[in-house]
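Asks: Residue numbers (the numbering used here), protein chains in the order written: chain F, 1 to 495; chain L, 1 to 495; chain W, 1 to 495.
Since the hints were derived computationally from the structure, they do not count as laboratory data.
One thing to keep in mind: the hints can contain errors.
Note that identical chains are pooled: a pair holds if it fits in a single copy or bridges any two copies.
Computed list of lysine-lysine pairs in BS3-like fashion (alpha-carbon distance at most 30 Å, straight line) [claimed, not checked]: (1) Lys491 / Lys424; (2) Lys349 / Lys160; (3) Lys493 / Lys349; (4) Lys187 / Lys405; (5) Lys160 / Lys405; (6) Lys126 / Lys54; (7) Lys287 / Lys130; (8) Lys98 / Lys187; (9) Lys115 / Lys98; (10) Lys349 / Lys339; (11) Lys160 / Lys444; (12) Lys98 / Lys339; (13) Lys65 / Lys160; (14) Lys491 / Lys126; (15) Lys405 / Lys444; (16) Lys424 / Lys96; (17) Lys160 / Lys428; (18) Lys126 / Lys160; (19) Lys493 / Lys405; (20) Lys493 / Lys62; (21) Lys160 / Lys491; (22) Lys287 / Lys63; (23) Lys62 / Lys444.
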Amino acid sequence: MKNIWLGMLILLAITGTATAKSGSVSEDTEICLECHATLHPGIVQDWLNSRHAKITPAEGLKKGKLERRISVSQVPEELATVTVGCAECHTLNSEKHKDSFMHADYNVHTVVTPKDCATCHEVEVKQYGKNVMSYARTNLVNNPVYVSLMNEVNGTHAFKGVGSGMTLSPPNQKTNADSCLFCHGTKIEVTGLRTVESDMGDMEIPTLSGWPNQGVGRLNPDGSTGSCSACHARHRYSIEMARKPHTCSECHKGPDVPAYPVYMVSKMGNVYSTHKNDWDFQAVPWKVGKDFTAPTCATCHVSLLVGEEEDVIAERTHQMNNRLAWRLFGIVYAHAHPKSPDTTIIRNKSGLPLATDLTGEPASSYLIDASEQEKRRRTLSAICLSCHGSNWVDGHFERLDNTIKTTNEMTRTATNILLTAWEKGAAKGLSQNDSIFNESLEKKWTEQWLFFANSTRLASAMAGADYGVFANGRWYLSRNTHEMLEWLHLKLKNE
Amino acid sequence: MKNIWLGMLILLAITGTATAKSGSVSEDTEICLECHATLHPGIVQDWLNSRHAKITPAEGLKKGKLERRISVSQVPEELATVTVGCAECHTLNSEKHKDSFMHADYNVHTVVTPKDCATCHEVEVKQYGKNVMSYARTNLVNNPVYVSLMNEVNGTHAFKGVGSGMTLSPPNQKTNADSCLFCHGTKIEVTGLRTVESDMGDMEIPTLSGWPNQGVGRLNPDGSTGSCSACHARHRYSIEMARKPHTCSECHKGPDVPAYPVYMVSKMGNVYSTHKNDWDFQAVPWKVGKDFTAPTCATCHVSLLVGEEEDVIAERTHQMNNRLAWRLFGIVYAHAHPKSPDTTIIRNKSGLPLATDLTGEPASSYLIDASEQEKRRRTLSAICLSCHGSNWVDGHFERLDNTIKTTNEMTRTATNILLTAWEKGAAKGLSQNDSIFNESLEKKWTEQWLFFANSTRLASAMAGADYGVFANGRWYLSRNTHEMLEWLHLKLKNE
Amino acid sequence: MKNIWLGMLILLAITGTATAKSGSVSEDTEICLECHATLHPGIVQDWLNSRHAKITPAEGLKKGKLERRISVSQVPEELATVTVGCAECHTLNSEKHKDSFMHADYNVHTVVTPKDCATCHEVEVKQYGKNVMSYARTNLVNNPVYVSLMNEVNGTHAFKGVGSGMTLSPPNQKTNADSCLFCHGTKIEVTGLRTVESDMGDMEIPTLSGWPNQGVGRLNPDGSTGSCSACHARHRYSIEMARKPHTCSECHKGPDVPAYPVYMVSKMGNVYSTHKNDWDFQAVPWKVGKDFTAPTCATCHVSLLVGEEEDVIAERTHQMNNRLAWRLFGIVYAHAHPKSPDTTIIRNKSGLPLATDLTGEPASSYLIDASEQEKRRRTLSAICLSCHGSNWVDGHFERLDNTIKTTNEMTRTATNILLTAWEKGAAKGLSQNDSIFNESLEKKWTEQWLFFANSTRLASAMAGADYGVFANGRWYLSRNTHEMLEWLHLKLKNE
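Construct all of the structure, not just a fragment, from the sequences and the given hints.
Replies: Here it is in structure tokens:
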């Protein structure tokens, strides 16, 4: 084992990236590294490249208010003067972790959670708790409407012969984890123990269900929700990564929510692609014009931004929705943002947990009002104004409002066709107590808002035009209503 | 206000990117910067990074013929010895700008246009006037066939009950600006005045309709067309950006014209993605092999290229079509390039402003002839030959010719099915004075040429194979004709 | 001509990238460069940037076992002490090349083949011969099932009037070369001679059919198969390119095999996009964590990987499938990897050259068994374990196994509907001796496995979730079976 540690020391000595004084790695972490540097070289080197390996919390606390990346005023004494290594996170709060186990005389847990991270980054974790993303799993699996969609998408259908149609077997846990819950978050639980062979002899470690997962609304073995690693990938936890749009693309690229492809064809994305190598993605605070010359996703939605004279243009937020007036992502219509990130509490006029009725009427008492919308828009506009005149910014948002209106109208048209089909018995819906996602016409209706209206709105919001026209935009909004109506006419004729 | 200017001076002093001697910024621009450096730090820093902020036109004029980026032989005296700053462009020709307004004692206009840019870049602006892109708006909104397509795509449809079908409300100006005209160009007009609060007191500024917009065929308040910023984004006006493919992706990524995705999966795109960080995107002239080792969009379509000994391989062109034998983008068929960039003057055999008849017959008198096609192909081939043997280049273009022929045949097949449907009353078309885009079958027909044939031809032209097969290519050309025929048979049975 | 050579010498002198001592370029290559440096500056500069231009085989042979890029123990004497230039490859083995011709007193061939490359890279060429990619053309054009698919996709259909349906003209050679064979590989043959004008007078050179092509299973004029340039593009032959994912995207981006887009939205792709500029893509061997911090395609599928202490984590392989337990790419179902890369020898229960029956039953005697699958999975897992714990890795592969099972079930459902349609006469299939790809229902069935099941499995294998849900994933698997069944019911009603 000695030669492993020797190798490790050499590594620490020669690597130009590790500037930490050797004394600042904790003894506990040194013991972890003895084996894991060899077992998982990718993890260890990633960590060596991280800020966590280069600076102690005590040093971080000395930074000025704007420069500081740590948001508590004090860090527990035993953590303050060592760098943030393996042991500091994986043995922290282990008594509260159901995934903890004794390992080389340490009480270790596999899954590091926002609660653990809050030891140093408390403000960000609290803000994130108000972000609808932290409820991404809850809002999905505890909403019967969405569960019915999830079952129809992820389940397996079996053909039972002409006339009999198909039977649906609901998806197992593994399928859901590989599908919707990959981004929304799984529930991680200890299901037993397993024996792993190692140079140190056999070891018993917990078997985790729902693992691996880094979904934004993950339910963790310590009862917390979320995964910081979703955007700040372990074990580098890089602010650079969180600021580059590729992180967002992990979940926001498909036809249901094409934010990343829209951004990339916008002028902003073009500037990013062209000039990004000249930008400083590490600087805190992030100075407009100097550190970057066009926004990334994080710029508008998360980052602390300052101007030439360190004047604050936008405060850092991990809540995100405090910069957003609308929820563009229509389920079923675009609407004012919900007040609470927990959307399972919403009841629309029909009693369903949806922010609007099927006819588009918003469940207003659960949604922010016009003055809060205006306030959030001003917060976002302040960022736009760093690079654009007021004429530009106002014109942009007027178009977005118009697009929200017209896309909602096109969703309404599709819904009217569907409601008529249900009424005339051409399909089975709510009043027949049937899933609203399991028939051909219902799937077309779903694509109307989930793919086409959503794409069109995102294209409008971020000025990536073709995603509002031929790339899943208005062309399809129009084509789809024609096909739905044609379907209905044909069905009624053939009944 | 002083402290702002101080901050600005400091900025100028410390930034490594601004190498201009302080004396070379005009006094007028200094006055602009006093406020705008703080108000819009992104704009100002972008400009500080630009060549405009680093060199005066007089210095630019001293460069050799090949190195020169300025294309006039003389620049007005008052502009020659200062860098090109805010005032130089935004007060230039203001008397001809309907969007001009008095602002801090200056007659300022918001929208800088090709006519303004022509003060230094006259040749490029003239060339661009012959580019079909400069007519992108005109050719769309003044062609009744395309207007009917635009209305069907962007309008809102309302369902009026079974049997009644749907009614179409034409799109408003904002929707068109957010959709087709985003790339094709809006018409920018002053619609009134608005009051803006500022540290200097309230200010009256014009309200612009059609703004923001940077579409390639924009109609400007000074009567000019186009927007240089479409490819050379303000306020950096970077040749690097125009040479990288991301600029083109803003409008050429969707299924209607997937030039960018095709390029990116070609060998050329692969080399670009792999080695671009080693290339020089600033060098003028652009030396093949030394400055870059694979073409980008600009290389083949625009740039001045030289070989090892500064021998000119291709002259710079902003006309672009003088390197192109074919118009691949079929409306409805691929055809020889139109002689004039104004395609509204074309009349096909049926009297429609389309370059071919619906049966594919070209409106030959409006199109370049075979010898002009051959000349343009030779111009383009000279670039290919920098990296490929003649066997390679000839083989490539023979395949493209073949693909143009076969995709036109497949468009003809789809058209024949449509014509039969019209004839048999299964759909309503030209002879019924009905839109040719507003029925399900017509939409399938449109996708045949607009998506599938076009994608297949672009894939052939730039060797990005799957866009000619399964990624909206031949698979869909075949599938779509089968579905169209099946639709027709079913419709005739169910009439 | 002298001044060309002078220019060339200057070039060699001033370019910082060419570090080769002038003596190491062979005299033969110097003669090539005299003209070609000017004729094809892109080719020559690319080569000057290559390792081939900077090091002689003799120097390469002195490297240690892990560092060595050359895999023979000895190189022919006349090649050993000169750099690998034009003449070294293009005159090598010319007597075995049907594309050879006398050119400036040399017996030159245009198409450099794996057999030529094997002079120095023998092991890689041998391994590649066991890679199914080297049979990509053979397995396609010699399998009647796939030929029938290729004809239906690439052929041109003509409409013959209502009732008569369409006639299919099979694709010509140029279309196939522009389509499927672009990636799978053409057959390159000399079809005659052509005269080319040059400064040296007219020259006769062979005309090649199937050229240009760099498909992975290309049939070469020396009887060999494959094209090293598919991944190591000429004339740089860069290991950096082969290690970056863009090379793979050339053929693996479309809906049939979206490996590249899946990778790019995975955490691995995110880390690559964010941090790639800090990585060393040239290092041999490739050290996990130090040279790179997340895998690219090559990392998992090809590269020689070592840990901190140069311990070998994975041996280099150009066979690739020795790291793969499953063939995810279902034709028609995902199945254990075939034993032989030549899949034309397979016969399923029905006698067709497919690895499974239409009902999903594997043609087991032609496929690797469970223990070989386990061995290959362990080989791949060793790479995963460099950055992930065993819980993570096992959990990941359990989900993949589950997804293979459920997607095969959904393919089976679609197949059952198709079989019923054939049986009931709603479509014509195998027992009617008709193509199984030429009807609307058959095309839907094809998309079920070729697009949707395949996308879902790749998304699972590389953790790029939305490609298994809304981006051509499970949403479509479900929608498609509903539409197929609806089609069948309607068809039976309308017969």
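Asks: Next step is simple, just say for each hint if it's right about the structure.
Replies: Hints versus structure:
no. : hint            : verdict
1   : Lys491 / Lys424 : both (10 Å within a copy, 21 Å between copies)
2   : Lys349 / Lys160 : between (38 Å within a copy, 24 Å between copies)
3   : Lys493 / Lys349 : neither (33 Å within a copy, 40 Å between copies)
4   : Lys187 / Lys405 : between (37 Å within a copy, 23 Å between copies)
5   : Lys160 / Lys405 : between (43 Å within a copy, 19 Å between copies)
6   : Lys126 / Lys54  : within (26 Å within a copy, 46 Å between copies)
7   : Lys287 / Lys130 : within (26 Å within a copy, 41 Å between copies)
8   : Lys98 / Lys187  : within (12 Å within a copy, 61 Å between copies)
9   : Lys115 / Lys98  : within (14 Å within a copy, 59 Å between copies)
10  : Lys349 / Lys339 : within (17 Å within a copy, 61 Å between copies)
11  : Lys160 / Lys444 : both (24 Å within a copy, 19 Å between copies)
12  : Lys98 / Lys339  : neither (32 Å within a copy, 45 Å between copies)
13  : Lys65 / Lys160  : neither (66 Å within a copy, 60 Å between copies)
14  : Lys491 / Lys126 : neither (52 Å within a copy, 58 Å between copies)
15  : Lys405 / Lys444 : both (20 Å within a copy, 27 Å between copies)
16  : Lys424 / Lys96  : neither (56 Å within a copy, 62 Å between copies)
17  : Lys160 / Lys428 : both (19 Å within a copy, 21 Å between copies)
18  : Lys126 / Lys160 : neither (51 Å within a copy, 49 Å between copies)
19  : Lys493 / Lys405 : neither (34 Å within a copy, 39 Å between copies)
20  : Lys493 / Lys62  : neither (76 Å within a copy, 78 Å between copies)
21  : Lys160 / Lys491 : both (22 Å within a copy, 18 Å between copies)
22  : Lys287 / Lys63  : within (17 Å within a copy, 35 Å between copies)
23  : Lys62 / Lys444  : neither (57 Å within a copy, 63 Å between copies)
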